[in-house]
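Listed below are the residues making up each chain.
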Amino acid sequence: MKKAFIAALALGLGASVAAHADQVIVLNSEEASYSVLSRGLRMETQRLPLGREPHHLIQTPDGKEVLVASTVTNELVVLDAKTGERKRVVRDIIDPYQLGFSPDGKWFVTAAYRLDHVDIYRYDGSFKLAGRVFIDGMPSHLAFDSESSTVFVSLQQSARVVAFDLKTQLIKWNVEVGKAPAGVAMLPDDKRLMVALTGEDAIVTLDPKTGTTTGRLQTGRGAHNFWPKGDGRHWFLSNRIEGTVSLIDTQEMKVVASLRIPGGPDCMDITPDGKELWVTQRFLRRIAIVDLATMKVTGSIAVGKSPHGVFILKAPAVMPPPVRAAATD
Amino acid sequence: MRPFIDLWVGVQTWLFETIVGPVLFALNLMEWFEPAFNAVEFVMLGAVQIAVIGLVMRPIERRFAGEEGEDGLVGVDRIYTMLSKLGIVPLLVFVVAYPITNELEHLVRLLGFAPPRLERLIPGLHDNALASFLVYFALYDLAAYWVHRAQHRFGWWWALHSLHHSQRRVTVWTDDRNHILDDLLVNLVLAVFAQFVGVQPDDFVLILLLGRLTESFSHASLDLGLGPLGWLIVAPRFHRLHHARGDAREPHIHDHNFAPVFPVWDVLFGTARFDAGPRPTGVDDREIDADNGRGWLGQQVRVSRRFVAALKPLRPQTRP
Chain A
7 MKKAFIAALA LGLGASVAAH ADQVIVLNSE EASYSVLSRG LRMETQRLPL GREPHHLIQT
67 PDGKEVLVAS TVTNELVVLD AKTGERKRVV RDIIDPYQLG FSPDGKWFVT AAYRLDHVDI
127 YRYDGSFKLA GRVFIDGMPS HLAFDSESST VFVSLQQSAR VVAFDLKTQL IKWNVEVGKA
187 PAGVAMLPDD KRLMVALTGE DAIVTLDPKT GTTTGRLQTG RGAHNFWPKG DGRHWFLSNR
247 IEGTVSLIDT QEMKVVASLR IPGGPDCMDI TPDGKELWVT QRFLRRIAIV DLATMKVTGS
307 IAVGKSPHGV FILKAPAVMP PPVRAAATD
Chain B
3 MRPFIDLWVG VQTWLFETIV GPVLFALNLM EWFEPAFNAV EFVMLGAVQI AVIGLVMRPI
63 ERRFAGEEGE DGLVGVDRIY TMLSKLGIVP LLVFVVAYPI TNELEHLVRL LGFAPPRLER
123 LIPGLHDNAL ASFLVYFALY DLAAYWVHRA QHRFGWWWAL HSLHHSQRRV TVWTDDRNHI
183 LDDLLVNLVL AVFAQFVGVQ PDDFVLILLL GRLTESFSHA SLDLGLGPLG WLIVAPRFHR
243 LHHARGDARE PHIHDHNFAP VFPVWDVLFG TARFDAGPRP TGVDDREIDA DNGRGWLGQQ
303 VRVSRRFVAA LKPLRPQTRP
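Sequence order for the protein chains is A and B. Residue numbering for the first sequence follows the numbering used here, starting at 7 and increasing by one per position. Residue numbering for the second sequence follows the numbering used here, starting at 3 and increasing by one per position.
There's no promise every hint is true.
To be verified - A few chain A residues that don't get close to chain B, going by computed Cβ distances all over 10 Å:
1. Leu121
2. Ala208
3. Lys260
To be verified - Restricting the straight-line Cα-Cα distance to at most 25 Å, the calculated cross-link-like pairs of lysine to aspartate or glutamate (DMTMM-like) are:
4. Lys311(A) with Asp73(B)
5. Lys311(A) with Glu107(B)
6. Lys311(A) with Asp291(B)
7. Lys302(A) with Asp143(B)
8. Lys93(A) with Glu121(B)
9. Lys311(A) with Glu36(B)
10. Lys311(A) with Asp204(B)
Calculated from the structure, these hints are not laboratory results. No experiment lies behind these values; they were computed from the predicted model shown. No residue lacks a Cβ here, since even glycine has one placed at the ideal position from N, Cα and C.
Chain A with its partners taken away, still in its complex shape (with noise of 0.2 Å):
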């Protein structure tokens, strides 16, 4: 009775609950909408409608804004990153997959997965499209050097992954790399690109200037996506098919933690005080959430269908650089 009391509170004052600081913004991907979410209540407070298969989500550079990518009706959603409110929509970005800043926030690049094109955009606050490149199978996840001269993209049909030169869009290399290659994400030294293999139960590192394979660690089956910690060392892993997320110690090169997650886990974030990590479960319609002391799973909530991308509202003083370049993983 407490809970449809607070429930029937949070949906009726609905808009003031929108201004509030500590929402959750979850892309409900098959139903083309966004739910969001209180952290305070554990609840779903509001589900809004956006245009067709929206996945994923970024901060903008400035933190000020999240652009939120319908890839079916090619555009992106800009949401305050503050209050969640709908600020203006921004057409005529092309299948807008995958979706990411370069750390000096001067370039934008999207991966059309069903289309098969890698777009490279220069941003100023608003979208120049600089190339687009053509390039089989299923581009599906991007990542940046921190130099901000180059982006890695995994090829999910092809098995490889692709280096571009950001300036000249051309390609620098082009490596077969393992089965149904997902999440990439660059170690803050620059020095390894781990790169999730969907495909197996494992990742592989990257040399990043030559595309050599360095290393493999086995994980867990359907090995999808990677979120940082936050210092630097840990990272973890959302392995879709085994339905667990694994916590990777990236010096020792080893998994230090295992938690069962069922329902196809995929993107993650991490709540701004460090204390949880929330994790959307695609099939089972569920936004899980992770103690990090305890690395238990303490909540679940019901949110649309196939929720995919997740955003954590937050102030942009709280949105550290390396953070920042990992969001597009």
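Given the coordinates of chain A, assemble chain B onto it according to the supplied hints.
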């Protein structure tokens, strides 16, 4: 509602994580694991439909049957239903149709065309999920109506579709009695339409479930008009006239009542007939009528030959 969703996706997830996912993983097909997860739901919906047909509709049909006899002809339709609703035929159709629809999608979207969303065109639809669903359902049904008319209009397509009409013992199991090529063509057209109009995946699941159940029931051997409701939803009496066997007086009686779910399309386009009374079903053509008594494979082979013959321009069309 949420407990039901949790139960449903819980079963779907269990089936996927226990059976389908590991198989895809072993076969190195992991780039398809998102569509495969949705395919599990399709099969689950098919199982629900088979249960409703077998445990609810069929007993009603037997109790109030409008026609009797020749029950031996029904068995093959059950096989069609199983193959279709449990995903065997749809999987074959997907394998062939996907590259075609995918290329079309590439072409259309590279030309810069984004399918418009009706919610942007019709004020008020945006915040009303039920109204939005009904509009998409109606549009999808309208497309299916015109596809059905094309099946009867073109001789080569009728050669395939006549298999569906050849059944002399039309029952709740008859809806899926189709040639594989016919299924492929219909699904291709409707998939392209769904892409252009923008039917949402979650709406599509419900449209599929409600639409196919309505169509199964409309094939029931019942002289049931549903009263005023029969103007809104296709009733068995309405659809069985579409399956009525032509005779010298009305050779084209089956060129009426094409609508799959909403009879309004037949009313609007002048093809509706609300006549009462049971009629014999089937096709007044010895070649087509010979489908009866054959098994699934025999029918597929025979109709394939009919289709090839219909493609020859100088040969008389098989359409009656």
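Violations among the numbered hints: Those not satisfied are hints 1, 4, 6 and 7.
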